[in-house]
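Trainee: Could you put together the complete structure from these sequences and hints?
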Amino acid sequence: MSELRYVRPARVRPLPEGAVPVVRLKEVTKRFGKVVANNAITLDIHSGRIKALLGENGAGKSTLMSMLAGRYKPDSGTMEVDGRPVRFESSKDAIAAGIGMVYQNFMLVDSMTVAENVLLGQEGGFFINPGEMEARVDALATEYGLAVDVSARISDLSMGERQLVEILKLLYRKSRILIFDEPTAVLTPEETNRLFEALWRMTEQGKSVIFISHKLEEVIALADEIAILRRGRIEGELDPTAIESKAELASRMVGKEVLLEVDRQPVEVGEPVLEIKGMTGLGLTDVNLEVRQGEIVAVVGVAGNGQKELVEAVTGLVKPPVDTVFIMGQPWRKFFAESTWNRSMCYIPEDRLGLATMRNQNLVDNLLLTTRKGFARGMWLDKRRAERDTEELIRKYDIRPGRIHALAWQLSGGNLQKAVLARELYRQPRFIVAEQPTQGLDVSATEEVWRRLLDARAMAGVLLVTGDLGEALQLADRIAVMYRGRILGMLPTSEAETASRIGPLMAGVLD
Amino acid sequence: MLMWEFIIPLMAAAVQSGTPILYATLGEMMTEKGGVLNLGVEGIMAVAALAAFVTSFATGSPWLAFLAGGTAGLAFASLHAFVCITCLGNQVVSGLALTILGLGVSTFLGVPYVGLAAPGFDPFAFPLLSSIPVLGDIFFRQDMLVYISFVIPFFFWFFFRRTSLGLHVAATGEMPAAAAAAGLKPVALRYFAVLTGGFLIGLGGAYLSLAYTHLWTNGLSGGRGWIAVALVIFAFWRPGRAVIGAYLFGGVMAFQLRLQAMGTHIPSSLLLMLPYLLTILVLILSAWRGRRIDAPAALGTNIEPEA
Ligand SMILES: Nc1ncnc2c1ncn2[C@@H]1O[C@H](COP(=O)(O)OP(=O)(O)OP(=O)(O)O)[C@@H](O)[C@H]1O
Ligand SMILES: [Mg+2]
Chain A
1 MSELRYVRPA RVRPLPEGAV PVVRLKEVTK RFGKVVANNA ITLDIHSGRI KALLGENGAG
61 KSTLMSMLAG RYKPDSGTME VDGRPVRFES SKDAIAAGIG MVYQNFMLVD SMTVAENVLL
121 GQEGGFFINP GEMEARVDAL ATEYGLAVDV SARISDLSMG ERQLVEILKL LYRKSRILIF
181 DEPTAVLTPE ETNRLFEALW RMTEQGKSVI FISHKLEEVI ALADEIAILR RGRIEGELDP
241 TAIESKAELA SRMVGKEVLL EVDRQPVEVG EPVLEIKGMT GLGLTDVNLE VRQGEIVAVV
301 GVAGNGQKEL VEAVTGLVKP PVDTVFIMGQ PWRKFFAEST WNRSMCYIPE DRLGLATMRN
361 QNLVDNLLLT TRKGFARGMW LDKRRAERDT EELIRKYDIR PGRIHALAWQ LSGGNLQKAV
421 LARELYRQPR FIVAEQPTQG LDVSATEEVW RRLLDARAMA GVLLVTGDLG EALQLADRIA
481 VMYRGRILGM LPTSEAETAS RIGPLMAGVL D
Chain B
1001 MLMWEFIIPL MAAAVQSGTP ILYATLGEMM TEKGGVLNLG VEGIMAVAAL AAFVTSFATG
1061 SPWLAFLAGG TAGLAFASLH AFVCITCLGN QVVSGLALTI LGLGVSTFLG VPYVGLAAPG
1121 FDPFAFPLLS SIPVLGDIFF RQDMLVYISF VIPFFFWFFF RRTSLGLHVA ATGEMPAAAA
1181 AAGLKPVALR YFAVLTGGFL IGLGGAYLSL AYTHLWTNGL SGGRGWIAVA LVIFAFWRPG
1241 RAVIGAYLFG GVMAFQLRLQ AMGTHIPSSL LLMLPYLLTI LVLILSAWRG RRIDAPAALG
1301 TNIEPEA
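For the record, the sequence lines run as chains A and B. The first sequence begins at 1 in this note's numbering and counts up one residue at a time. The second sequence begins at 1001 in this note's numbering and counts up one residue at a time.
By construction, these hints were calculated from the structure, which means they are not laboratory data. Quantities reported herein were computed from a predicted structural model and do not represent experimental measurements. Take these hints with a grain of salt, some might be off.
DSBU-like, lysine-lysine: derived pairs with alpha carbons at most 35 Å apart [claimed, not checked]:
| no. | chain 1 | residue 1 | chain 2 | residue 2 |
| --- | --- | --- | --- | --- |
| 1 | B | 1185 | A | 373 |
| 2 | A | 73 | B | 1185 |
| 3 | A | 334 | A | 383 |
| 4 | B | 1185 | A | 26 |
| 5 | A | 319 | A | 373 |
| 6 | B | 1185 | A | 92 |
| 7 | A | 334 | A | 373 |
| 8 | A | 174 | B | 1185 |
Far from chain B, some chain A residues (derived; all Cβ distances over 12 Å) [as the list claims (entries may be wrong)]:
| no. | residue |
| --- | --- |
| 9 | 81 |
| 10 | 93 |
| 11 | 116 |
| 12 | 155 |
| 13 | 160 |
| 14 | 187 |
| 15 | 205 |
| 16 | 245 |
| 17 | 280 |
| 18 | 303 |
| 19 | 323 |
| 20 | 355 |
| 21 | 375 |
| 22 | 404 |
Yeah, the Cβ is synthetic: ideal placement off N, Cα and C, and Gly gets one too.
Mentor: Structure below.
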């Protein structure tokens, strides 16, 4: 498998003798109700260095960084910046202290322009002038060599461009301590490369970077030092030069052996569960695709090349042209008119908090969202039974915190995804549409999801839409590469040259 | 002939009866730009109309009364702000309660004043501008409060396009979390939007008892608050379109009154329906065209405290 390599401009920088940290966290603790998200954490951040924060889903990485950025207040412990203790009442104080954070979910106002977002709260006066604001941000972008259209609205930008806007925000505020919470989860490999270059450039100027990621190869390639967080505690700090392999780092992080690979045995292929025949429309052109029970078909491509439209048409979110989409042998219209709760189609969307779950409801109600199996007695719901089954699923899938009454938004990204997966597989689907199923998941959770998807082949066919080529190569029997609404190639993973052919196809190059 | 005797007076009347709707629409638009839905417009207008009338009756100063109307609107809207922003109550329920409360309170407290008159604002020909043909007759033979309402949409536009505070309010209405991450105070900004909006709605109420009539009667607001709520959607949250919408509705209301006065055979209850029929039509049209994309993204949702 050709893994993407990130090339470090310099070697890991050794920490100079007697260096004074710019930020010191001492015994910082944060609780959410009974959950101890951070337990007496002590951590030093040095200037001019990149520190990676590694840990399983729900380990407390985002919580810790949110405290440093002034979004949460610690329950106990102290934070020091430049040797002086600080107490942040809001993000404003943290920004003033030179700390800036790019959150896991971008904090950008979609309907406003790039310039307005960058300067929000930093306009420098009561009266503003859009033209002048754009010029100011444009000058900044040029200074740092970041190409972005400052008058564009955020909603028109790709994820990579939005990331640039977040970086511009930090640069404009002259932040010295930059926190990136899983910045690469939504980026293409190329965008990731550009981000890394920007990060290196910024550390050259003496800024400190804290980098959170679940992608171990990125951490190894980027970091000057690695801190591992496990269940709210600092498990240890590592020197990246001393790490032999990804697997070693993974097992340090999880605390047990991790393989990082799944063993895909072909299973017998059955009836087709999805057929798309010559579909043109909705931004797609002549798309043909077949998924049979027992196989996984991956759809890859740079985001925005028609994958979303394809998924929406298949899952019933938008209506495709007549007689182009057939699900389990039935025309689209008929299938959705008669669809049932179980042994049917299930959808694992990319948008976990928006589409997959109700953010302010607990896990039981979220389970009931897409299933009625055995819970319905006439018009009544047997909630007691639903609770029992939810508990069972929480145990089986190791969802943390293990309370059935936790609300969806309180779960960390990885745990929420596990909950969605648990719910959907519980329905014993015959056709699964999985969209970025491991985005933001830690290595062991990723492995778990992969294993479950492979196991699901016994009962179902899977359409896997992913931006992670490694994932596609690991799981899929065939890979469809999309470019500008067309499927440019359908490559079987059994052939050795497939891995090298995907890249050019994604860029629209046919041989 | 028809032009001078019917159309121009009708259009002038449209501007006059559209003015309270314009104030209220801009007030509601301000509130919604900050992310808060206020369905209490009707009640706020009723309370403000009474407050203005009583002030004018007691002091004899229409200007003081106009301000009193705005202040009453602000005070009444602050109830909504407290319930929704501080107590995280449901915005729809709180707004409806405000309407019911406002209508009840104004009717009850207004009993001693029914049928009484108080000094208010009278139309006068605006120097120079009133001599413009047609336009002068329509727009510049009005009262002072109408002239004031001409400039508010420009201020409104300027506020959101050209001031940082306007940008902050809009950011809060779109995505409070992003505003907070940028170091702003979304809660304070929302209070600002709701209170300023309440003030403007209150001015609309005051117009009813100070200029539209100089008398106090029950039910003076007459559904204008609801029309304002619908007009915000029709206007796609833009002040310029609010002006068009308000005068359109003012026109229909004035037309309906004229038809009644001329004694047509159409039952008056049908004529009274006209503005609401138009409301429904307008909402259908804007839903069909606008696809809600222009609505502040966080409209109607509360800001949950994080931890
Ligand atoms: N606002 C909150 N209310 C209640 N519990 C919370 C809240 N935020 C986080 N938690 C809990 O605190 C723990 C740590 O969560 P956090 O988001 O910091 O994890 P993380 O390390 O960033 O995980 P991931 O890799 O999945 O993003 C989790 O158990 C989570 O459920
Ligand atoms: Mg996180």
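Trainee: Hint by hint, say whether it matches the structure.
Mentor: Going through the hints against the structure:
1. B:1185 / A:373: Violated. Residue 1185 of chain B to residue 373 of chain A sits at ~46 Å, over the 35 Å cutoff.
2. A:73 / B:1185: It holds: about 16 Å lies between the C-alpha atoms, which stays within 35 Å.
3. A:334 / A:383: holds, 31 Å
4. B:1185 / A:26: holds, 28 Å
5. A:319 / A:373: holds, 27 Å
6. B:1185 / A:92: holds, 9 Å
7. A:334 / A:373: Satisfied, since the Cα-Cα distance of roughly 22 Å is no more than 35 Å.
8. A:174 / B:1185: The hint holds at about 21 Å.
9. 81: With a cut-off of 12 Å, residue 81 of chain A remains clear of chain B, as the shortest Cβ separation is near 16 Å.
10. 93: violated, 8 Å
11. 116: Non-interface label fails for residue 116 of chain A: nearest chain B Cβ at 6 Å, not farther than 12 Å.
12. 155: violated, 9 Å
13. 160: Given a closest Cβ separation of 19 Å, the condition holds.
14. 187: holds, 20 Å
15. 205: Label holds. Min Cβ-Cβ 23 Å, cutoff 12 Å.
16. 245: holds, 37 Å
17. 280: holds, 24 Å
18. 303: Holds, because the least Cβ-Cβ distance between residue 303 of chain A and chain B comes to about 21 Å, which exceeds 12 Å.
19. 323: holds, 28 Å
20. 355: holds, 16 Å
21. 375: holds, 28 Å
22. 404: holds, 21 Å
Checked against the numbered hints given earlier, the structure breaks hints 1, 10, 11 and 12 and satisfies all the rest.
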